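Engineer: Chain residues, written in single-letter form:
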Amino acid sequence: MSDQQLQDNGLTELDRRIVLATQQGLPLTSKPYHAISDQLGLDVDLVQQRLRHLLACGVIRRIGAVPNHYKLGYRANGMSVWDVDDEQVDELGARVGRLDFVSHAYLRPRHLPDWPYNLFAMVHGRNHEEVTRKVDLIAEILGDAKRHYDVLLSTRILKKTGLRLLPEARSAEPDTAVA
Amino acid sequence: MDNLDRDIINRLQGGFPICDRPYQHIAEQLETTEDELIARLRAMIDDGRLSRFGPLYNVEKMGGSFVLCAMCVPSDVFDEVAERVNALPQVAHNYQRSHRLNMWFVLATESAEEISAVVDTIQGETGLVVYQFPKLDEYYIGLQLAV
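So the protein lines, in turn, are chains A and B.
Following the working numbering, the numbering of the first sequence begins with 1 at its first residue and continues without gaps.
Following the working numbering, the numbering of the second sequence begins with 180 at its first residue and continues without gaps.
Don't read these hints as lab results, they were simulated from the structure.
Any given hint might turn out to be false.
[Unchecked claim] Computed footprint of chain A on chain B; a stretch qualifies when at least three of its residues, placed anywhere within it, have a C-beta under 8 angstroms from a C-beta of chain A:
#1 204 to 213
#2 226 to 235
#3 257 to 271
Keep in mind that this is a model prediction, so the values were computed, not measured.
Virtual Cβ for every residue (Gly too), placed ideally from N, Cα, C.
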């Protein structure tokens, strides 16, 4: 198979090898991209070119550091959830998403009647009181466009790993993937 | 945690260059040395202040799926259910939260079909309903945590 041929998941085989080699992190050596290309037996210019391409097309959001909020003193997070008027949610969601204490803001489906909320905004703070104060600021921004809201505080981290591609594509064999 | 550690975290949330000596490039901006920057990064990864350092991949752009899910888990079986859910490699993170829907986890898979397969597995193993909250729109991602 050609390296440029797309796999089912939209990546070329070459890109997939680069993802597998970097998803645990970038090597902490003076020439990290050389280390990756040596490991893969590829030319370093090609690796850098593919990484630039993956950045440009959004497969890589960014290359950088992911702080562990908890270890850095941001011990509380609250998933604030809002029932916002459908006509206004896009504009207001964008405003909420730009707040510096909001890490993610998404539009998600309601599950009526149990779950009336369509806007989710993750809020980080040093403790639950700080989270609550920040949620109050969001409430002000949303004003009359919101009907109900709630804050789901994190009471325990049960698991935190992030994405891991497995070395072999599993989509063809869902039974073994979840066994 | 000194000022250099803070500067490194704040600077490196914004992006990292693709060039032959990227650490050297950033070190100059932060008025430190390449060796010192690498040593600080290694220390912060080792003690957990940084969850990771490297490319952050967007699963959807790779044809994969990322779906937030929630369950209402009775307290007497909570830990047992958490263990079963966490055992699945497609579960990226999982939080206990203060709500009737008290277990919230994210499924990250390489295909949309695999999401349904994993949801079926969880519902089959636990006998509980999995509510799915797929992302319909994304307003902004990327906390610039000031430390």
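Engineer: Can the region 257 to 271 of chain B be counted as covered by chain A under the rule of three residues or more with Cβ-Cβ separation shorter than 8 angstroms?
Structural biologist: Since three or more residues must qualify, the claim that chain A covers the region 257 to 271 of chain B holds, with 8 doing so at under 8 angstroms.
Engineer: Mind checking, does the region 226 to 235 of chain B have 3 or more residues with a CB under 8 angstroms from chain A?
Structural biologist: holds (count 10)
Engineer: Given that the region 204 to 213 of chain B was listed as covered by chain A, double-check it with a C-beta distance under 8 angstroms for 3 or more residues.
Structural biologist: violated (count 1)
Violation of the numbered hints given earlier is confined to hint 1; every other hint is satisfied by the structure.
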